[in-house]
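Peer 1: So the chains spell out like this:
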Amino acid sequence: MTQLTPVLSAHWDEKDSFTIEGYKRHGGYDAVGKALEMEPDAVIQLIKDSGLRGRGGAGFPTGMKWGFIPQGDNKEHYLVVNADESEPGTCKDMPLLMANPHVLVEGIIIASYAIRANYAFIYIRGEVAHVVRRLQQAIADAYAAGHLGKNIHGKGFDLELVLHVGAGAYICGEETALLDSLEGFRGQPRLRPPFPAIAGLYARPTVVNNVESIASVPSIVNNGAEWFSAMGTEKSKGFTLYSLSGHVANPGQFEAPLGITLRQLLELAGGIRPGHQLKFWTPGGSSTPMFTAEHLDVALDYEGVSAAGSMLGTKALQIFDETTCVLRAVLRWTEFYKHESCGKCTPCREGTWWLVQILRDLEAGKGTEADLDKLLDVVDNIAGRSFCALADGAASPIISSLKYFRGEYMQHLNNGGCPFDPIASTKFEAAGSR
Amino acid sequence: MTPEALTEVEMITVVIDGFEVTVPKGTLVIRAAEKLGIQIPRFCDHPLLSPAGACRQCLVDIEINGRAFPKPQASCTIPVENGMIVKTQLTSPVAEKAQKGIMELLLINHPLDCPVCDKGGECPLQNQAMSTGRSESRYEGVKRTFEKPVAISSQVLLDRERCVLCARCTRFSDQIAGDAFITLNERGALQQVGIYEKDPFESYFSGNTVQICPVGALTGASYRFRSRPFDLVSAPSACEHCASGCSLRTDIRRGKTLRRLAGEDAAVNEEWNCDKGRWAFKYISSKERIATPLVRGEDGELHDASWPEALAAAAAGLKGKRAGVLVGGRATVEDAYGYSKFARVALGTNDIDFRARAHSDEERDFLASVVTGLSTTYADIDKADQVVLLGFEPEDESPIVFLRLFKQVRKRGLPITTVATIASRGTKKLKAKFVPVVAGGESAAISAIADLTEKSVILIGERLGETHGALSSALALANKYNAKLAWIPRRSGERGSLEAGAIGNLLPGGRPVTDAAARVDVAAAWGATALPSEIGRSTSEMLSAANGGELDALVIAGVDPLDISASALTDLLNTFVVSLEIAHSAVTAVADVVLPVAAVTEKSGTFFDWEARPRSFEKAIEEAGTRSDVRILSMLADELGAPINLPSVAATAREITALGKWDGAKPSFTSVSGATSPAVNGDQAVLSSWRLLLDLGTLQSHEPNLAGTSRKASAHISADRAAALSVTDGDLVKISTERGSVVLPVVVDEIADAALWIPRNSEGSQAIATLGNVGGVVVSVVKA
Amino acid sequence: MKSANSFSPEQLAIMDAIIARYPRSRSAIMPLLHYVQSISGYVTPEGIEAISAKLNIETAEVTAVSTFYTQYKSEPVGEYHVGVCINTLCAVMGGDAIYEAAKEHAGIGKDEVTSDGKVSLERIECNAACDYAPVVMVNWEFYDNQTPQSVRDLIDGARNGNPPAPTRGPKSLRTWKENSEVLAGLSDGLAGEGVQAGDPSLLGLKIARGNS
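Line order of the protein sequences matches chains A, B and C. Sequence positions in the first sequence follow my numbering and run 507 to 940. Sequence positions in the second sequence follow my numbering and run 25 to 808. Sequence positions in the third sequence follow my numbering and run 2 to 213.
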């Protein structure tokens with residue numbers, strides 16, 4: 507009856523899963539050999555045929571992205587892996603890289619070969635020292651084993667792979683901000699066009715892919731496009747990592763075909779924590795409009811979630827039960843967006859500053875119902891007006907919470923304060939704050 | 025892009041608010057709208073900076089071939105496309121609300137301190153808040169506060185509370201000036217413009233950021249709290265400092281210049297100027313200005329005199345005497361023409377020279393034979409396949425030329441080669457190929473340059489004339505490749521003075537003194553029977569003649585003797601001197617008669633920039649009551665009984681036009697063989713120098729805020745010399761000649777071992793005054 | 002642009018090696034800033050000036066970058082820099098209470114350092130370990146499933162020079178400076194230590210195995 511399909515996570519329970527020996531034990535780096543026997547265009551076609559879509563949130567078809575790189579242009583091409591996993595609730599790439607960094611390295615070799623890149627970068631967020639160590643070691647071991655460097659596997663393909671460690675900036679998960687950051691500038695988004703496929707890193711054609719997308723490539727090369735596309739739904743093919751967190755009995759990672767529902771996942775995870783009920787949840791991080799119990803049966807694929815008014819995002823399922831004050835949650839996310847706004851554009855920089863102040867007042871029970879309308883109007887002046895999607899993300903929790911929980915906002919105003927006990931929602935509620 | 029390609033730009037037609045407009049491909053929507061007279065509000069947009077799309081004030085609705093963008097787009101970032109329909113705030117409620125929303129957000133953290141803000145009354149934020157903002161703010165929160173204002177240099181103040189983070193200033197500094205000394209720091213709502221605290225915003229071009237700041241965040245220290253825009257009268261003007269030719273705007277209140285701004289001239293300075301042009305004008309209103317004519321009495325002192333008294337005294341000293349004329353390098357064309365005619369008609373001599381600096385006969389011949397015929401322009405730099413700089417430091421000596429070069433380097437990697445003693449900051453910013461020379465060795469270095477084409481441009485600075493044979497080598501190089509040549513003097517008046525014949529071998533319009541037909545031409549126009557036919561004395565020849573008793577008198581205008589030589593002032597002591605000056609100076613101190621003249625704001629006139637492009641300006645200050653040199657010369661000529669009939673600047677300009685340019689043969693140029701560098705022993709070096717843009721120049725006086733940003737003087741020596749002297753960066757060395765010495769901190773640089781470079785006229789480093797020379801001589805260098 | 006004279010030849014050689022990783026030198030600015038922190042504990046003026054000199058960019062440009070990223074500190078932090086996740090999920094699951102406990106126990110506020118220089122405190126955003134909430138990071142090592150008491154113990158251990166080991170990390174906690182070296186891309190050889198995955202990471206896999 508299981509809907510789970512562990513592929514990326516298949517060997518995470520082996521103590522040495524992160525080592526090159528552990529990886530090779532299960533056929534690691536065989537896919538490189540296979541891919542290097544193919545024409546690069548054939549590799550791109552394979553990924554196109556598989557239906558793999560970007561796992562970083564936007565869901566853009568990976569093979570198509572690779573296909574956008576102009577060929578025969580006599581320019582350097584670059585592959586940049588986005589490992590800046592920072593979207594609140596998102597916690598799939600870090601455990602993946604902790605447990606199996608080599609699958610990413612192998613995917614990078616194949617992807618670089620396909621797009622004719624001889625230089626690749628992993629941009630990893632800086633707040634994860636041990637994941638950095640694991641990747642450093644994996645890259646060093648891959649070099650030593652001849653999977654990186656000059657004339658890989660004797661097939662004449664050269665690839666340098668550099669691990670670039672970030673330093674604390676959510677915005678660097680946005681691909682053009684990431685590129686500016688990698689070039690040594692402030693991580694602020696760039697104007698598009700030109701798109702990275704034409705002028706990305708150092709103004710050269712560049713593919714930017716999420717960790718999970720690239721890590722999925724070796725399995726597709728090994729098992730074929732049909733194997734991959736047999737999983738998932740019509741337009742959302744394959745398997746993916748769903749991350750359950752919050753008020754569930756057993757939080758954790760679940761690798762399943764796209765299209766599974768939260769109800770199914772909750773069944774696997776032992777449900778909401780005992781004695782409590784689901785109140786609201788995010789399908790793919792805090793930037794995706796929140797859902798409630800009425801959305802338990804929404805198919806968690808790109809189309810299903812979108813049709814229900816949110817986005818699949820990073821499949822970061824943050825679960826909150828009835829002890830959670832939705833205003834507190836929304837305020838905290840808004841504070842996050844304010845903290846992480848890069849400052850480049852007016853609506854995001856000034857708007858998040860203002861929204862925090864409005865929400866603080868509302869949470870404290872100050873204001874009237876008219877302030878809710880003002881809040882929505884200010885959000886309307888921010889969402890869709892900013893340089894990049896960060897401000898749209900900031901708008902999502904506010905709009906969606908007002909949609910489902912306007913009464914709770916009013917309750918704060920009528921009460922003159924927050925009616926919730928924050929300790930009740932903690933993991934150590936029984937012990938309290940001792 | 026080739027010129028051919030430029031003419032074939034595809035035209036695109038779009039519809040904006042219902043009106044069709046056809047514009048070149050690549051035009052941004054916001055500018056296409058301007059063509060229709062539709063003003064879309066904006067802050068970060070600036071036509072000369074790369075689009076940022078940051079402020080989001082210019083949001084409009086756009087559809088292309090029936091497909092609408094799902095959300096409003098920043099019209100400053102989107103180029104027009106065929107089939108595009110744009111709806112601005114005038115026709116789209118969505119765009120209108122979007123713009124109002126942005127304006128409200130821009131104002132939530134703005135201090136709204138317009139009543140005490142310098143920008144009030146000319147503030148794009150204020151104006152657009154009126155057109156696009158709400159009458160009442162809905163913001164009830166806490167405003168972001170910063171310490172205000174902070175001085176980011178001695179001349180620019182930053183008020184971060186007023187800043188809207190449009191990044192115009194930081195983009196200008198990085199993209200236009202190449203001086204990324206100010207940056208956006210921190211992030212999010214705390215993002216702010218700033219410097220690295222130990223390195224102030226000491227860019228030669230910093231004032232432009234004050235001008236393009238769309239709010240009152242950046243203000244100039246010298247103008248702060250001095251005036252309100254509505255109290256100012258603006259006059260278009262031309263910069264008197266260098267030969268770049270900047271168009272300026274001078275703002276006057278009650279007869280006093282309060283500020284100067286860069287004017288717009290796409291062909292010359294675009295919309296920029298340098299800080300010297302912007303801020304060095306206090307000399308005009310200084311206490312040293314001369315109010316009335318002065319005549320030296322029998323007591324040896326200067327005494328106030330009436331104009332008739334003074335003119336009579338001057339005439340008495342000049343009449344029937346052997347006299348010469350030193351024009352200085354800052355005369356307008358009209359004034360220079362006045363001196364030119366005055367020398368020939370009233371004094372009967374060709375002893376006239378505008379070169380108040382190191383000069384040579386080779387240079388004089390080069391100017392007459394070559395420079396008068398040159399037509400190289402800024403546009404040639406834009407189109408050049410490479411540029412060679414000879415004896416020329418554009419950032420210091422003609423800063424707008426520098427900006428033009430930098431623009432092409434940044435845009436298309438224009439290759440530049442420079443022959444110089446050290447690789448200056450400007451050279452590094454231009455990524456120029458540096459050909460190091462020891463002073464004296466320029467000719468050989470120039471002759472070794474190869475692979476130019478007819479699209480190459482050779483820019484010669486006036487300093488190249490300081491080495492014998494170097495101009496000859498430069499000309500040979502240009503001729504060899506048929507490359508374009510330009511001569512870029514440092515001062516604003518030199519090119520015009522050359523054209524006006526304020527030099528011993530030329531009459532106005534480039535007419536050779538030695539050509540009888542040319543003399544007849546001019547004599548006829550002037551109603552003179554004959555003009556002197558001998559080539560006149562040069563500046564240095566006149567000075568030694570004055571000292572030697574071969575000249576009885578000199579008429580001197582706008583000359584600092586220390587620009588010429590260490591002995592120039594003493595040369596004047598035994599001769600009758602008529603000084604036409606704006607302010608008390610070394611020359612007025614020894615003059616017998618002093619005739620006060622108008623400063624640049626007080627007169628009309630024309631400068632020729634290095635391209636010989638006329639830069640005409642009208643009188644900005646009516647109240648001054650001072651007169652242009654030419655008017656005074658005309659009165660003096662009348663007094664001498666040899667009228668020159670130039671009663672006004674306008675009349676002079678008409679006469680210049682009527683006389684026209686010489687179309688006869690130019691004198692042929694006789695090539696001079698190249699010098700070599702002098703030999704030096706261990707503790708000796710060959711001196712090189714040039715003037716930094718900001719230094720002790722007379723016209724920069726009385727402006728400490730500007731002076732505070734000048735580059736500090738240091739002596740540049742090679743690593744080997746540093747090792748031999750056991751010094752490193754910052755240690756002091758003493759540089760001496762027989763005349764004197766300077767002590768300067770060392771910069772160990774990429775420089776020939778035999779060479780040494782110091783600034784020519786900076787604080788602590790005045791080459792002529794202390795060492796008696798500006799370059800090419802052997803000095804001794806020891807650890808101080 | 003300034004000189005890099007404040008650093009030893011060995012340190013300058015490491016900087017050069019960091020720069021050599023990249024096709025264009027300016028890309029090295031972030032690892033160089035991490036490296037400066039590994040030497041000085043924070044981004045010092047000397048560090049900014051050295052990077053400016055090494056990369057041939059203005060000091061202002063280095064400042065612009067260093068102040069953009071929260072991991073670069075303009076003031077010294079503690080030998081053990083404690084970051085309590087206060088983003089929504091961790092906050093709700095107990096992060097807020099943990100932060101208050103840490104603050105009270107260490108006697109310091111946000112971005113402050115204990116007088117012995119051992120511990121500093123930061124409110125951090127989501128650190129990609131939500132299935133281990135509430136999460137605390139010390140010198141960017143994972144401390145999973147924390148409680149107010151576990152963080153009090155952690156602070157005590159840090160101040161006594163005997164901090165508990167990270168949940169998923171090396172056998173013993175390294176100092177701020179030591180870990181900054183790792184972030185600069187220099188190996189400390191500890192990649193092999195610690196678990197390959199914590200239980201939540203393995204939950205789906207275990208269920209799948211159990212069911213298959």
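Please keep in mind that the hints were generated in silico from the structure rather than gathered at the bench. A portion of the hints provided could be inaccurate.
Stated by the list, open to error - DSS-like mimics (lysine-lysine), calculated; alpha carbons at most 27 Å apart, straight line:
| id | chain 1 | residue 1 | chain 2 | residue 2 |
| --- | --- | --- | --- | --- |
| 1 | B | 311 | B | 407 |
| 2 | B | 172 | A | 581 |
| 3 | A | 880 | B | 121 |
| 4 | B | 95 | A | 741 |
| 5 | B | 222 | A | 880 |
| 6 | B | 222 | C | 207 |
| 7 | B | 311 | B | 690 |
| 8 | B | 167 | C | 111 |
| 9 | A | 880 | B | 95 |
| 10 | B | 49 | A | 872 |
| 11 | B | 407 | B | 49 |
| 12 | B | 807 | B | 736 |
| 13 | B | 172 | C | 178 |
| 14 | C | 111 | A | 521 |
Peer 1: Need the list of violated hint numbers for this structure, in ascending order.
Peer 2: Those not satisfied are hints 1, 2, 5, 6, 7, 10, 13 and 14.
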